[in-house]
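Those protein sequence lines, which keep their order, are chains F and C. According to our numbering, the stretch in the first sequence is residues 1 to 309, in order. According to our numbering, the stretch in the second sequence is residues 1 to 383, in order.
Mixed in with the good hints, there may be bad ones.
Computed list of lysine to any residue pairs in SDA-like fashion (alpha-carbon distance at most 25 Å, straight line) [to be verified]:
1. Lys-300/C / Tyr-11/F
2. Lys-131/F / Glu-72/C
3. Lys-132/F / Lys-5/C
4. Lys-205/C / Tyr-11/F
5. Lys-132/F / Lys-371/C
6. Lys-59/F / Lys-5/C
7. Lys-299/C / Val-301/F
8. Lys-299/C / Pro-100/F
9. Lys-300/C / Gly-104/F
10. Lys-299/C / Lys-63/F
11. Lys-300/C / Lys-61/F
12. Lys-5/C / Leu-88/C
13. Lys-375/C / Lys-49/F
14. Lys-299/C / Lys-124/F
15. Lys-63/F / Asp-153/F
16. Lys-371/C / Lys-63/F
17. Lys-15/F / Ser-26/F
18. Lys-63/F / Met-90/F
19. Lys-132/F / Glu-72/C
20. Lys-61/F / Glu-72/C
21. Lys-300/C / Lys-63/F
22. Lys-94/F / Glu-72/C
23. Lys-132/F / Arg-378/C
24. Lys-49/F / Arg-281/C
Residues of chain F clear of chain C, computed beta-carbon distances all greater than 10 Å [said to hold, decoys possible]:
25. Asp-66
26. Glu-71
27. Asp-72
28. Arg-74
29. Lys-75
30. Leu-86
31. Pro-88
32. Ser-108
33. Leu-225
34. Phe-231
35. Asp-283
Selected chain F positions facing chain C (in silico; Cβ < 8 Å) [claimed, not checked]:
36. Asn-48
37. Gly-85
38. Leu-102
39. Ser-109
40. Phe-236
The hints are simulated quantities; they were obtained by calculation from the structure and are not laboratory data. Just so it is clear, CB atoms sit at the ideal spot from N, CA and C, and this is done for glycine as well.
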Amino acid sequence: MIEMQNVTKSYGDFKAVDNLSLHVDSGELLVILGPSGCGKSTTLRLMNKMAERTSGTIKIKDKDIDSFVEEDLRKGIGYVIQSIGLFPHMNVWKNIATVPQLLGWENSSIDRRVDELLLLVGLKPENYRYKKPSQLSGGEAQRVGVARALASDPDILLMDEPFGAVDPINRLRLQKEFRQIQRRLGKTVVFVTHDIDEAILLGDRICIMNHGKVVSLDTPENVVLHSKDDFVDSFFKGEGILTILSRKNVGDYMEEIPWEGEEIVQDSTLKEALSLMLLTGEDRVPVKGGSISFNRILQVVGRDINEKA
Amino acid sequence: MAEKKDKVLFILSALGISAFFLFPLVEAKPNRIVTGEKLFALEYLGAFGALIIVGWAILLALSLYGTKRRIELASIVGIITAMGLLFLLPIGAGNILEIGANPRISFSSSFYMQVLLLYIIISTYMPRAAWSRKLKAALGIGAFLALGVSMSMGYFESLSIIKEYGVRQRQFYNNLYIHGVLTFGSVLAGCIIAIPLGYLAYLRKRLEGRIMVPLSIIETIPSLSLFGILLVPLSGLGQLPFFRSIGVSGIGWAPAFVALTLYTLLPIGRNTLTGFHSIDRNVVQAAKGMGMSRRQILKKIEIPLAFPVIFTGVRIAFIQTIGGAVLAGLVGGGGMGSFVFLGLAEASPDLILLGVIPIVFFTVVLDYSLKAFEKYVRRIVYD
Chain F
1 MIEMQNVTKS YGDFKAVDNL SLHVDSGELL VILGPSGCGK STTLRLMNKM AERTSGTIKI
61 KDKDIDSFVE EDLRKGIGYV IQSIGLFPHM NVWKNIATVP QLLGWENSSI DRRVDELLLL
121 VGLKPENYRY KKPSQLSGGE AQRVGVARAL ASDPDILLMD EPFGAVDPIN RLRLQKEFRQ
181 IQRRLGKTVV FVTHDIDEAI LLGDRICIMN HGKVVSLDTP ENVVLHSKDD FVDSFFKGEG
241 ILTILSRKNV GDYMEEIPWE GEEIVQDSTL KEALSLMLLT GEDRVPVKGG SISFNRILQV
301 VGRDINEKA
Chain C
1 MAEKKDKVLF ILSALGISAF FLFPLVEAKP NRIVTGEKLF ALEYLGAFGA LIIVGWAILL
61 ALSLYGTKRR IELASIVGII TAMGLLFLLP IGAGNILEIG ANPRISFSSS FYMQVLLLYI
121 IISTYMPRAA WSRKLKAALG IGAFLALGVS MSMGYFESLS IIKEYGVRQR QFYNNLYIHG
181 VLTFGSVLAG CIIAIPLGYL AYLRKRLEGR IMVPLSIIET IPSLSLFGIL LVPLSGLGQL
241 PFFRSIGVSG IGWAPAFVAL TLYTLLPIGR NTLTGFHSID RNVVQAAKGM GMSRRQILKK
301 IEIPLAFPVI FTGVRIAFIQ TIGGAVLAGL VGGGGMGSFV FLGLAEASPD LILLGVIPIV
361 FFTVVLDYSL KAFEKYVRRI VYD
């Protein structure tokens with residue numbers, strides 16, 4: 001879907017992006033992770049020409065991005081930035097309708113689309129359609145930002161730390177909901193963040209960048225459990241492993257052994273099951289229709305290690 | 001809270017009472033040339049004067065013995081006293097027939113002081129009164145209407161300023177018209193020049209100093225010197241047939257118009273720059289990222305967001321120009337300044353007032369209505 005070949009972006013002598021090659025599959029959620037100043041935002045901005053590359057080629061759907069009129073290229077790609085950038089003088093309806101209006105849609109189909117998108121991001125259309133951004137909470141504004149980026153149903157979404165300004169509790173909810181939406185709609189997403197947990201939770205693959213170069217590009221499991229790179233190790237410091245567990249559902253690993261106690265649902269994550277074990281002091285917790293043991297969780301992590309090896 | 005004494009109201013009403021007794025209210029003259037006789041309120045108004053002092057006494061009492069409705073009562077008593085003061089003035093004229101059959105009554109110090117104090121009281125308390133906005137507007141408009149109607153019916157005939165007005169009615173409206181055209185014209189020209197300049201300064205950081213510094217320098221030139229500076233180039237320009245035919249010369253409307261326009265450039269230009277600078281960069285980034293062209297960003301995002309701040313600049317320019325346009329009278333440009341400078345030359349305070357009072361009136365009205373509009377615009381844009 002997106003193909004970057006030997007792309008460099010320099011500001012004078014400084015190379016923000018250094019001879020970078022990258023490939024994003026259709027329907028994939030690729031997270032670009034790295035410390036500030038590593039060039040991850042610039043990489044993203046090169047894709048929709050918000051920044052002009054110095055050399056190299058970028059192709060979107062097998063077409064060189066230089067063959068598009070800049071504005072048309074951007075209209076076809078959803079774009080969400082950290083501060084959201086909702087237009088403060090327009091209500092939610094007008095914000096979401098921006099790109100469809102630029103594309104010359106009819107008002108009736110825009111109306112339908114706005115309502116559909118508001119429902120998709122979990123906001124009641126009748127309550128939110130005519131609200132101004134100043135009347136929204138941070139989480140609500142972020143949902144509107146996502147809805148706005150999806151307005152013209154683009155195949156590709158570029159997201160630059162979209163949930164960075166949201167409080168931790170709402171952030172987790174937004175992340176989970178967004179992952180579901182992305183899976184359901186099959187959008188190709190490039191997602192920039194410096195939050196390790198967010199990267200592991202959301203990414204199909206994680207691209208770790210440092211000094212404008214790709215250090216590692218692999219699935220979250222492999223990046224966390226089998227890294228052979230010192231920078232990646234120092235970046236994670238073993239922190240990612242619990243988040244790996246939060247990607248996995250209890251239902252997939254449970255055994256049909258009955259167990260006494262308060263049951264958790266099969267949709268719960270392994271991380272939640274492990275937390276419960278730590279809280280109750282037992283090495284097995286009941287799940288609806290069976291139970292899951294501490295050893296099983298150890299095996300899950302271990303199996304991932306073995307799969308790689 | 002209402003039980004507390006109101007020190008401000010106490011001082012204001014005590015000053016009002018002192019002004020009532022210690023200074024003359026009017027100056028009565030048998031005709032325009034002779035020096036008049038200064039009369040105190042009680043001398044001039046006789047028993048009617050007691051009505052005014054009752055008003056002041058109530059205000060004083062309100063300051064000492066608070067009631068729950070002090071703010072509303074102070075506003076209403078203030079309005080009544082002020083209206084009483086104005087409407088009783090012609091009545092007194094009948095009491096002083098010995099000065100002449102048809103005396104001219106000019107305001108004197110006590111009148112100015114009391115009007116000023118009442119204005120302070122009304123403008124302090126009325127906005128805080130627990131009345132609906134409609135009632136407040138109705139009170140204000142009603143008071144002005146009452147004044148206007150009685151004026152047009154000849155009620156204030158004996159006042160000297162009205163006599164001056166009667167004699168110069170045609171000139172008055174002509175000057176008022178010129179004053180209005182000069183004001184609106186200069187502000188409009190200022191907008192046409194300064195808004196693009198401000199936008200240019202915003203677009204090109206390098207040019208910001210080169211644009212804003214000259215505008216600030218213009219603002220520091222005293223208007224008289226500016227007329228002097230303009231005299232030479234404008235009279236030169238007036239030599240050209242086209243400019244001569246529209247009346248450009250070193251004196252007259254041209255230097256006044258140019259000077260007033262120059263003075264509007266800083267408030268409008270600076271507010272334009274500030275308005276564009278105050279736009280969140282991320283909003284513009286988001287708009288660009290969504291595929292808006294430079295023009296669409298300007299039209300749909302930047303201008304609407306910068307507009308309230310720019311409009312504030314235009315309002316400031318308006319208020320400044322209404323007053324500033326008086327100086328047009330100095331260079332033969334017409335406007336209400338003609339009365340002011342003629343009055344100064346003839347030592348006729350009433351003539352000066354004839355020029356100044358409408359300016360004060362329009363300044364207040366324009367400031368109020370533009371502010372109301374500004375508030376409305378801000379609400380639409382930001383909330």
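Hint by hint, here is what the structure shows:
no.	hint	in the structure
1	Lys-300/C / Tyr-11/F	violated, 31 Å
2	Lys-131/F / Glu-72/C	violated, 37 Å
3	Lys-132/F / Lys-5/C	violated, 44 Å
4	Lys-205/C / Tyr-11/F	holds, 20 Å
5	Lys-132/F / Lys-371/C	holds, 23 Å
6	Lys-59/F / Lys-5/C	violated, 78 Å
7	Lys-299/C / Val-301/F	violated, 55 Å
8	Lys-299/C / Pro-100/F	holds, 17 Å
9	Lys-300/C / Gly-104/F	holds, 15 Å
10	Lys-299/C / Lys-63/F	violated, 31 Å
11	Lys-300/C / Lys-61/F	violated, 31 Å
12	Lys-5/C / Leu-88/C	violated, 31 Å
13	Lys-375/C / Lys-49/F	violated, 39 Å
14	Lys-299/C / Lys-124/F	violated, 30 Å
15	Lys-63/F / Asp-153/F	holds, 19 Å
16	Lys-371/C / Lys-63/F	violated, 54 Å
17	Lys-15/F / Ser-26/F	violated, 29 Å
18	Lys-63/F / Met-90/F	violated, 34 Å
19	Lys-132/F / Glu-72/C	violated, 36 Å
20	Lys-61/F / Glu-72/C	violated, 72 Å
21	Lys-300/C / Lys-63/F	violated, 31 Å
22	Lys-94/F / Glu-72/C	violated, 44 Å
23	Lys-132/F / Arg-378/C	holds, 13 Å
24	Lys-49/F / Arg-281/C	holds, 17 Å
25	Asp-66	holds, 16 Å
26	Glu-71	violated, 5 Å
27	Asp-72	violated, 7 Å
28	Arg-74	violated, 4 Å
29	Lys-75	violated, 3 Å
30	Leu-86	violated, 8 Å
31	Pro-88	violated, 6 Å
32	Ser-108	holds, 21 Å
33	Leu-225	holds, 36 Å
34	Phe-231	holds, 30 Å
35	Asp-283	holds, 49 Å
36	Asn-48	holds, 6 Å
37	Gly-85	holds, 3 Å
38	Leu-102	holds, 6 Å
39	Ser-109	violated, 18 Å
40	Phe-236	violated, 30 Å
Against the hints set out earlier in the document, violations occur for numbers 1, 2, 3, 6, 7, 10, 11, 12, 13, 14, 16, 17, 18, 19, 20, 21, 22, 26, 27, 28, 29, 30, 31, 39, 40.
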